[in-house]
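*Asks:* Chain by chain, the residues run as shown.
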Amino acid sequence: MTRPLRLHPDRLFPADAGTRDIARRLYGSVKDLPIISPHGHTDPEWFAGDAPFPDATNLFLAPDHYLYRMLYSQGVPLDRLGVPSKAGPSPADPREAWRMLASNMHLFRGTPSSMWLNHVFGEVFGFEIELSAETADLYFDRIGEALQSPAFRPRALFERFNIELLATTESPTDDLRHHKAMRASGWKGRVVTAYRPDPVIDAEHEDFRASLSRFGELTGQDVESWSGYLQAHRMRRAAFMEMGATSTDHGHPTAATADLSLADAEALFRKLLSADFSPADAELFRAQMLTEMARMSLDDGLVMQIHPGSFRNHNAGLFARYGRDKGADIPTRTDYVRALKPLLDRFGNERGLSVIVFTLDESSYARELAPLAGHYPVLKLGPAWWFHDSPEGMRRFREQTTETAGFYNTVGFNDDTRAFLSIPARHDVARRIDAGFLARLVAEHRLSEDDAHETAVDLAYNLPKRAYKLDEPARTPAAA
Amino acid sequence: MTRPLRLHPDRLFPADAGTRDIARRLYGSVKDLPIISPHGHTDPEWFAGDAPFPDATNLFLAPDHYLYRMLYSQGVPLDRLGVPSKAGPSPADPREAWRMLASNMHLFRGTPSSMWLNHVFGEVFGFEIELSAETADLYFDRIGEALQSPAFRPRALFERFNIELLATTESPTDDLRHHKAMRASGWKGRVVTAYRPDPVIDAEHEDFRASLSRFGELTGQDVESWSGYLQAHRMRRAAFMEMGATSTDHGHPTAATADLSLADAEALFRKLLSADFSPADAELFRAQMLTEMARMSLDDGLVMQIHPGSFRNHNAGLFARYGRDKGADIPTRTDYVRALKPLLDRFGNERGLSVIVFTLDESSYARELAPLAGHYPVLKLGPAWWFHDSPEGMRRFREQTTETAGFYNTVGFNDDTRAFLSIPARHDVARRIDAGFLARLVAEHRLSEDDAHETAVDLAYNLPKRAYKLDEPARTPAAA
Amino acid sequence: MTRPLRLHPDRLFPADAGTRDIARRLYGSVKDLPIISPHGHTDPEWFAGDAPFPDATNLFLAPDHYLYRMLYSQGVPLDRLGVPSKAGPSPADPREAWRMLASNMHLFRGTPSSMWLNHVFGEVFGFEIELSAETADLYFDRIGEALQSPAFRPRALFERFNIELLATTESPTDDLRHHKAMRASGWKGRVVTAYRPDPVIDAEHEDFRASLSRFGELTGQDVESWSGYLQAHRMRRAAFMEMGATSTDHGHPTAATADLSLADAEALFRKLLSADFSPADAELFRAQMLTEMARMSLDDGLVMQIHPGSFRNHNAGLFARYGRDKGADIPTRTDYVRALKPLLDRFGNERGLSVIVFTLDESSYARELAPLAGHYPVLKLGPAWWFHDSPEGMRRFREQTTETAGFYNTVGFNDDTRAFLSIPARHDVARRIDAGFLARLVAEHRLSEDDAHETAVDLAYNLPKRAYKLDEPARTPAAA
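Chains as they are written, first to last, in this note's numbering: chain A, 1 to 480; chain B, 1 to 480; chain C, 1 to 480.
Don't read these hints as lab results, they were simulated from the structure.
These numbers come from a predicted model, not from an experiment.
Be careful, since some hints might not be right.
Per label pair, the in silico range of CB-to-CB distance [unchecked claim]:
hint, chain 1, residue 1, chain 2, residue 2, range
1, B, A263, C, R295, 28 to 36 Å
2, A, K86, C, R338, 42 to 50 Å
3, B, L33, A, K31, 53 to 61 Å
4, A, S29, C, R338, 45 to 53 Å
5, B, A280, C, A181, 55 to 63 Å
6, B, D300, A, E96, 51 to 59 Å
7, B, G28, A, S29, 36 to 44 Å
8, B, R6, C, A181, 55 to 63 Å
9, A, R25, C, I129, 34 to 42 Å
10, B, D10, C, H8, 27 to 35 Å
11, B, P52, C, E449, 35 to 43 Å
12, C, G126, A, G18, 48 to 56 Å
Beta carbons are placed, not taken as given, at the ideal position from N, Cα and C, and that holds for glycine.
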C-alpha cells in the first residue's frame with residue numbers, strides 16, 4: 001500500500017487551536033534563522049573533499065545507530081543492514097539492506113527517527129509518497145541518482161541548509177588535516193573543530209596507549225611526564241583553536257570531578273601509565289582531568305562541555321564483533337551534586353569559565369541540574385541529549401528546567417549528529433517544540449507574547465552563539 | 001446525597017475537541033476486540049468450580065489491597081474491612097465493612113480504583129446511582145442477589161467479558177488441580193497457567209524450605225542437589241506447559257542477574273540449603289536463577305517475565321499479624337543497566353529467547369528500559385505496572401518509552417489482577433489511554449491516522465498474542 | 001520599552017476552552033477563602049513590632065534567594081544586590097541594586113518568581129506597567145512611598161491578605177519574645193510558631209555547640225546527659241505550644257531514621273558531645289532524633305514535618321563569605337523506603353501520630369511517597385516544595401501522587417516563604433493549579449464536577465486545617 005508523504009506545516013505544535021495559533025506565530029519568527037550547530041559529529045572529510053555520498057543505505061542506514069539498533073532489537077542481524085564489522089565491510093547488498101529498512105518502517109512510528117527521515121525525504125529529496133516495502137526501490141534509485149548530482153554534494157547541501165556554523169569533534173590525536181584542507185580550499189562554509197580528549201584521558205579506552213603515543217608524537221612532548229602531558233594538552237588545544245575550536249567536550253561514564261594536589265595527580269598519572277591500575281584509579285584520573293581542563297579553559301577561553309552518564313558498549317558480544325558506537329550505549333543514573341563539587345569548589349564562581357552540562361538521566365533536570373545552573377556562574381545546561389533529543393524529551397527538558405534555571409541558563413539546541421542530512425530536520429524539531437512550549441506559557445498567561453518572541457529567537461540563534469562564544473572576536477586569527 | 005453514576009462514552013480521552021474526535025475513532029476500532037490477559041492473579045478454582053461469589057465485601061473489598069490500603073491509610077483498621085488475618089477470618093460483618101467503604105468513596109477521587117469500581121457497578125451490575133453512605137445497603141443487597149444468579153457465575157462472566165485467553169499464575173508446588181479440572185470439564189474458556197517459581201528460588205521467603213520439600217515430592221527429584229533442583233524446574237515447567245503455560249514470572253526484589261560457573265552455582269546452592277547464608281547470598285542465588293531460567297527458556301520456549309523492585313511486606317507489624325500482600329509493598333529505585341548485564345552478556349543476542357521486563361521505577365523508562373529494549377533482541381517492555389497501571393501512569397509509560405523503543409518493543413496490556421470483575425474495566429482504560437496517546441500524535445502530525453489505527457489494534461490485540469506466543473502452534477498438545 | 005502589566009484572570013488555567021471553563025468555576029469557589037499558612041519562614045518581629053519595611057530592595061531582593069541566585073548565576077556579584085555578607089551589610093546602594101534586578105527581568109521568564117513579583121506589583125502596589133530598566137526608578141520610588149503608609153505595615157497587610165493563620169519557624173534556642181510580644185499586644189492576627197530543632201540535633205551544624213549551651217540555659221536541664229537533653233526538648237516543645245505551635249519541622253540532609261536501644265542512643269550522644277565523631281555518627285544521631293521526636297509527638301500531639309534531601313551550602317566559597325541560605329542549597333536524590341522504615345516499624349501504625357513528608361526528589365512521588373502515604377496511617381504528603389513550588393512542579397505533584405495516594409493523604413498548600421508579600425500570590429498559584437488539575441479530571445470524565453468542587457475547597461482550606469490540627473481544641477490555653 002502506497003501512502004502520501006506529507007510534512008504538515010503545523011506538525012509538533014500543540015493541538016489546542018488557540019495555543020497552536022500562538023506557536024505558529026512564534027515559529028514564524030525563527031524558522032528561517034540560520035542554523036548554528038556548535039556540537040556534532042559530522043565528518044570533516046565530507047566538506048574537505050566534497051565527494052558525493054554513495055547510496056541511500058550508506059548515507060542513511062549504515063551509519064545511523066538510531067535506525068539499525070531498532071531493527072536489531074527486532075531480530076534483524078546487523079550484517080543485513082550494511083553495518084561494517086571489525087572484520088571489514090558489511091556483506092549486505094545496499095539495495096537489500098534498504099529494503100529491510102523500508103519494510104520495517106512501522107517500528108519507527110512515534111519516534112524522532114521517522115520524523116527526521118520523512119523531513120529529509122520530503123524536503124531534501126522531494127518525495128511525496130512514504131517509504132515502504134512497495135516504494136523501497138523507487139527511493140533507493142532516486143536517492144542514488146540525486147546523490148550523483150552537484151546539488152547533493154556536502155558543500156552544496158551545507159549552503160542549501162543555511163548553516164552559519166558547524167562544529168565537528170576530533171580527538172587530540174587527529175592531525176586536523178581535513179580542517180586544514182577546508183581552509184586552504186577557500187570555501188566559505190564555516191566548519192570548526194572541537195577538542196575531545198577522551199582517548200588520551202580514559203585509561204580504560206581500548207586505544208589509550210596508542211593514542212598517548214600519537215599524542216606525544218604530534219606535540220613533541222614527553223607525555224609520560226605529568227607536566228609534559230599537560231603541556232601536550234595545552235598545545236593541542238591551541239592547535240584546535242587555530243582550526244576554529246571554541247569548545248572542548250568530555251564524554252565520561254560519570255560526572256565525577258576531583259581536585260587533587262599536584263603530587264597526588266602526578267602519582268596517579270604514573271600509576272595509570274604502569275597499567276597496574278584499578279577502575280577506581282581510571283575514574284579518579286578522568287575526574288581530575290575535568291578540573292585540569294577547566295583550569296586550561298580559564299587560560300585559553302575554550303568552553304567546556306560535559307556529556308556524562310553513558311554506559312558504553314553494553315552489549316559485550318556485539319562490541320567484540322562490531323566495535324564501538326553500535327547502538328549499545330545505555331544511559332545510567334547520574335549524580336551531579338556530589339560529582340561536580342570538587343570542580344565547582346575550585347572554579348565555580350569564576351566569571352571567565354563556562355561549563356555546559358548534559359545529562360541522559362532526566363530525573364536530574366529539576367532535582368540537580370536546574371538548581372546548579374540557576375546558581376553557579378560557570379554552569380549552563382546543554383539541551384536534551386541523545387535519547388531525549390525528541391519531541392517529548394525536549395518538552396520535558398523545558399518543563400523541568402525552566403522554572404528554576406530560566407531560559408537564559410540554557411544554550412539553545414545541539415543536533416549532536418553525524419547524520420548530516422538530518423541537521424535541518426533536527427533544528428526544525430527543536431524550534432517547533434520550543435515554539436510550542438512558549439506558546440503554552442503565553443496561552444496560560446504566564447508570559448507575554450512579545451517576551452515569547454524574543455525568547456524564541458534567543459533560543460534558536462542568540463544563546464548558542466553566546467554560549468559557545470561564536471560571536472566573540474576570536475583569540476586566534478584562523479577562527480574569524 | 002445520591003448522585004447519578006454515569007460512564008461517559010468519552011471518558012479518559014484528551015479534552016481538546018479535535019484530538020478527542022481522533023481518539024474516539026481509534027478507540028472505536030479496538031473497544032470490542034476480545035480480551036487477551038496473558039498475566040494475572042485470578043484464582044483458577046473460580047473457573048474450575050464455577051461457584052457463585054459470596055457477597056459484595058468478599059468480592060470487591062476484602063481481596064483488593066488497592067481499596068483497603070487506602071482506607072487503612074486514613075486510620076480504618078483492616079479488621080473492620082473484612083480482611084482476614086493470620087488468626088483467621090475477619091470479625092467484621094460484611095455489610096458493615098461495605099458501609100465503611102461506601103462512606104469513604106471520596107478517598108478514591110482521582111484514583112483508578114474509582115474508575116474500575118464504577119465501571120463494574122455500571123456495566124456489570126447496572127447501577128445508575130453512585131455508591132455512597134446512602135446507597136451502601138442498596139448496593140450490598142443488589143450485588144448479593146445478582147451473585148446468586150447463573151449469569152454472575154465465574155464462567156458466565158468470563159464469556160460475557162469476551163475474554164479470549166486468561167493466564168493465572170501458580171507456584172511450582174501447585175499441583176494444578178484446578179487447571180486440570182477445568183480441562184476435564186470440557187469448558188471452552190481458555191484459561192492457562194504461568195510458572196512463578198519465587199517460593200522455591202527465594203531463600204528469604206518464609207515458606208522456602210517447605211516449598212522446596214513439596215517441590216521434591218512433586219517431581220521425585222533430589223532437589224537438594226543442584227542438578228536435581230534444576231531438573232525439577234524443567235519437569236514443573238513441562239507440567240505447566242501441559243496446562244497451557246507460555247510464560248514464567250519472577251518477582252524479585254531487584255533485577256539482578258548473575259552468570260556463575262557451575263561450581264560456584266552449586267556451592268552457593270549448598271550454602272543456601274545449609275541455612276547459614278547472608279542476604280547477599282540469597283540475592284546472588286535469585287540473580288543466578290534468572291539466568292538459569294533464561295537457559296531453560298531457550299530450550300522449552302517459555303517467555304520470561306521479570307517484575308522487580310518491590311520492597312515486600314514493608315510494614316513489619318502488619319506483616320506479623322496479616323501476612324503478605326496486604327497493600328504494604330512499596331516500590332524502590334531499581335537499576336537495570338548493571339543488573340541485567342550478566343544475563344544479557346550470556347543470552348542478550350539470542351533470537352529464540354524473549355524476556356519481558358517491568359518496572360515500578362518510572363525514572364528508568366526513558367533512561368534505561370527503552371534504550372535496552374530498543375537494542376537487545378531478547379528484551380521487550382511490559383506495560384505500566386501496579387501503582388502505574390492508571391491513566392497518568394500509562395500516559396507516562398508511552399510518553400517516556402515510545403520515542404526510543406517504539407511501540408513494537410512493548411507487549412500490549414496486562415491487567416495483572418486478582419479482581420476478576422475489573423478485568424474488562426482495566427483493559428478498557430488501557431485501550432482508551434492508548435487511543436488518546438495515539439490521537440495526540442495524529443493531532444500533532446507525528447503519525448498518520450491510518451498508522452495509528454493499525455497501531456491501536458496491535459497494542460490491544462496482536463502484540464500481546466505475539467509477545468506471549470499465544471498464536472504459535474503450541475509445543476505441547478494441551479495448549480491448543 | 002514600557003509594557004503593560006496585566007494579571008490575566010485566567011492565568012495558569014489549561015488552554016483548552018472547555019477545561020478552562022471548568023477551572024474557572026472551580027477556582028471561583030476557592031479564590032476568596034482565607035489563607036491558611038501552616039508552614040513558613042516569615043519573621044515574627046514584623047508582626048510584633050509592626051515597623052514599616054524599608055525599601056523595595058530590602059523588601060524584595062536582598063532577602064529572596066530565588067531572585068538573587070538567578071542574577072548571580074548570570075555573573076552579577078551578590079555585593080551589588082544588597083545581600084549582606086558575614087562582614088556586614090551590603091555595600092550596594094539599594095536603588096542601584098533594584099535597577100540591576102529591573103534590567104534583568106528577562107532571566108525570570110517562565111519562572112514562578114516572575115509570577116509572584118507581578119502579582120505583588122499589580123495587586124498589592126497597583127502597578128499597571130512592567131518592571132524594566134525604564135521603570136526601575138518609578139517602581140523604587142512608588143514602593144518606597146507606599147511602605148511608609150500605614151496600609152503597608154505588616155499587620156495591615158496581614159489583615160488585607162485575609163490570612164486566618166500564619167506559622168513561623170523557630171529554633172529551640174529562640175526565646176519566642178516576638179511571639180510573646182504579639183500576644184501581649186492584643187493584636188488579633190493569628191501567628192503561631194513551629195518547633196525546628198535542627199541546630200541542637202545536627203552536630204555538623206556550625207552553631208551546634210553554641211546552640212546546645214543556649215538550649216541548656218533556657219531549660220535549666222543538663223543537656224549533656226541524654227535524659228536531660230530529651231527533657232529539654234520536651235520543655236521547649238511545651239513552650240512552643242504555648243505560643244500556638246501545632247507542629248515540628250526537621251530539615252535533615254536525608255530522610256534516615258533509626259530506632260536505637262537506649263544504651264546505644266546514649267552512647268552515640270556522648271560521642272557527638274566529645275566532638276570526636278564521624279559524619280556517619282552525626283547522620284545516625286539525626287536519624288535517631290526523628291524517632292525520638294515521633295515518640296514525643298505521640299505524647300504532646302505535635303505534627304511532625306520532615307523536609308529532607310537538600311545539600312546545604314553547596315558553594316564553599318560563597319558559604320565562607322556570605323553564610324547559609326544564599327541560594328546555594330541543591331536537592332539530592334532521596335530514598336524514603338529504607339530511610340523511614342525504622343521509624344515506621346516503631347510508630348507507623350499509630351493513629352495518634354501524624355508525619356508530613358516532603359521531597360525535593362520528584363522521582364520519589366509515584367515510586368515511594370504516594371505508596372507509603374497510601375498505606376501508612378501516620379504518613380501524609382506535604383505539597384510540592386521549594387524548587388517544585390511552581391506551576392509545572394505542582395502539576396507533576398498531583399499527576400504523580402493522586403492516583404496512588406488520592407487527594408486526602410495530602411495536606412493542602414504550604415507557602416514556606418519568608419517573602420511575606422508573596423504569600424497571597426503563592427496561595428493563588430496553588431489554587432489555580434489545583435483548579436486546573438481537577439478541571440482536567442472533570443473534562444476527561446474521571447471526576448464529577450460536584451466532587452471536584454468539594455475537593456478544591458478541601459485542598460485550599462479544610463485539609464491544611466485538619467492536617468496541622470488547626471481546628472482541634474488546643475491542648476494548651478494559648479493556642480486558642
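*Asks:* B/G28 and A/S29, beta-carbon distance inside 36 to 44 Å?
*Replies:* holds, 40 Å
*Asks:* So the hint says 34 to 42 Å: do the beta-carbon atoms of A/R25 and C/I129 match that?
*Replies:* Violated, at about 24 Å.
*Asks:* Using the beta carbons of B/R6 and C/A181, state whether their distance is inside 55 to 63 Å or not.
*Replies:* The hint (55 to 63 Å, Cβ to Cβ) holds, given that B/R6 and C/A181 are roughly 57 Å apart.
*Asks:* Can you let me know if the beta-carbon spacing of B/D10 and C/H8 is within 27 to 35 Å?
*Replies:* Cβ of B/D10 to Cβ of C/H8: about 29 Å, so the range 27 to 35 Å holds.
*Asks:* Can the suggested window of 45 to 53 Å be confirmed for the beta-carbon pair A/S29 and C/R338?
*Replies:* holds, 51 Å
*Asks:* Taking 51 to 59 Å as the stated bounds, is the beta-carbon spacing between B/D300 and A/E96 within them?
*Replies:* Because 34 Å falls outside the window, the suggested range is violated.
*Asks:* Should the hint that B/L33 and A/K31 are 53 to 61 Å apart at their CB atoms be regarded as holding?
*Replies:* Roughly 42 Å apart at Cβ, these two residues miss the hinted range, so it is violated.
*Asks:* When you take the CB atoms of C/G126 and A/G18, is the distance between them in 48 to 56 Å?
*Replies:* Distance hint for C/G126, A/G18 is violated at roughly 30 Å.
*Asks:* Is 35 to 43 Å respected by the C-beta to C-beta distance linking B/P52 and C/E449?
*Replies:* holds, 38 Å
*Asks:* Does the Cβ-Cβ separation between B/A263 and C/R295 fall within 28 to 36 Å?
*Replies:* violated, 51 Å
*Asks:* Falls inside 42 to 50 Å, the C-beta gap from A/K86 to C/R338?
*Replies:* 45 Å Cβ-Cβ, so the 42 to 50 Å window holds.
*Asks:* Falls inside 55 to 63 Å, the C-beta gap from B/A280 to C/A181?
*Replies:* Holds - the Cβ-Cβ distance for B/A280 and C/A181, about 59 Å, lies within 55 to 63 Å.
Comparing the model with each numbered hint stated earlier shows that hints 1, 3, 6, 9 and 12 do not hold.
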